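**Student:** Please take these sequences and the hints and turn them into a complete structure.
These are the residues of each chain, in order.
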Amino acid sequence: GENVEQHPSTLSVQEGDSAVIKCTYSDSASNYFPWYKQELGKGPQLIIDIRSNVGEKKDQRIAVTLNKTAKHFSLHITETQPEDSAVYFCAASTDVSGNQFYFGTGTSLTVIP
Amino acid sequence: GAVVSQHPSRVICKSGTSVKIECRSLDFQATTMFWYRQFPKKSLMLMATSNEGSKATYEQGVEKDKFLINHASLTLSTLTVTSAHPEDSSFYICSAQMGGKTQYFGPGTRLLVL
Chain D
1 GENVEQHPST LSVQEGDSAV IKCTYSDSAS NYFPWYKQEL GKGPQLIIDI
51 RSNVGEKKDQ RIAVTLNKTA KHFSLHITET QPEDSAVYFC AASTDVSGNQ
101 FYFGTGTSLT VIP
Chain Y
1001 GAVVSQHPSR VICKSGTSVK IECRSLDFQA TTMFWYRQFP KKSLMLMATS
1051 NEGSKATYEQ GVEKDKFLIN HASLTLSTLT VTSAHPEDSS FYICSAQMGG
1101 KTQYFGPGTR LLVL
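If you're matching them up, the sequences are chains D and Y in order.
The working numbering applies: residue 1 is where the first sequence begins, and numbers increase by one.
The working numbering applies: residue 1001 is where the second sequence begins, and numbers increase by one.
What the hints contain is simulated information worked out from the structure, not anything from laboratory work.
All of these numbers come straight from a predicted model, not from anything done at the bench.
Any given hint might turn out to be false.
Claimed, not checked - So, partial list: chain D residues that the calculated Cβ filter (under 10 Å) puts toward chain Y: (1) Q38; (2) G41; (3) P44; (4) D49; (5) D95; (6) Y102; (7) G104; (8) S108.
Said to hold, decoys possible - Reference listing, derived: stretches of chain Y covered by chain D, where coverage requires no fewer than 3 residues with Cβ under 8 Å from a Cβ of chain D: (9) 1044-1053; (10) 1100-1110.
Backbone N, C-alpha and C define an ideal beta-carbon position, used for all residues, glycine too.
**Tutor:** Below you can see the structure in the form of structure tokens.
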């Protein structure tokens, strides 16, 4: 089955700097890659997603890039703010898996004011 | 749009009792709902997938008699933890899909079994 790896597990950045979180996946059939933000004690919230027919997607300060050949995708957060501090999870999904998501292990992001 | 609620948000129960957690899609009809379990500082572990009107599909290692899932309507799924024990204490999260791939997550339910 699909195996998703996520790095780094923890990340600290100064406010205003950029943060990059990377994920790799193993199943070349994966075609949907969402990113979720989870604040302490809450459920994950979708922040951006990308499909395999697109190489990059941007939404204000957040962008996701996908390299299908290398089977990796990354989350980029620019001009980070303290409220960006949270745990971020990547996921991958294929049509074959019955829409099941395979999650990465999470990245705890701390933005230092 | 795409709001998912869970109830209760927090529950404390005695060992041996059963606890029911509700997951509702408030503004859309969910063709598929998922139940996850999350341990502190860990990723989400899929427990089961349920489609409205049919039996849930459980992941390997998840006891179906222990974690009863009912998906009686397109907006409601329930997870019942039967004969709960302290090791069942965890954060339980549901998500819902409305036909596409995107999963919308509920706020989670923290279960503490004494």
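**Student:** Would you list, in rising numerical order, the hints stated earlier that this structure does not obey?
**Tutor:** none
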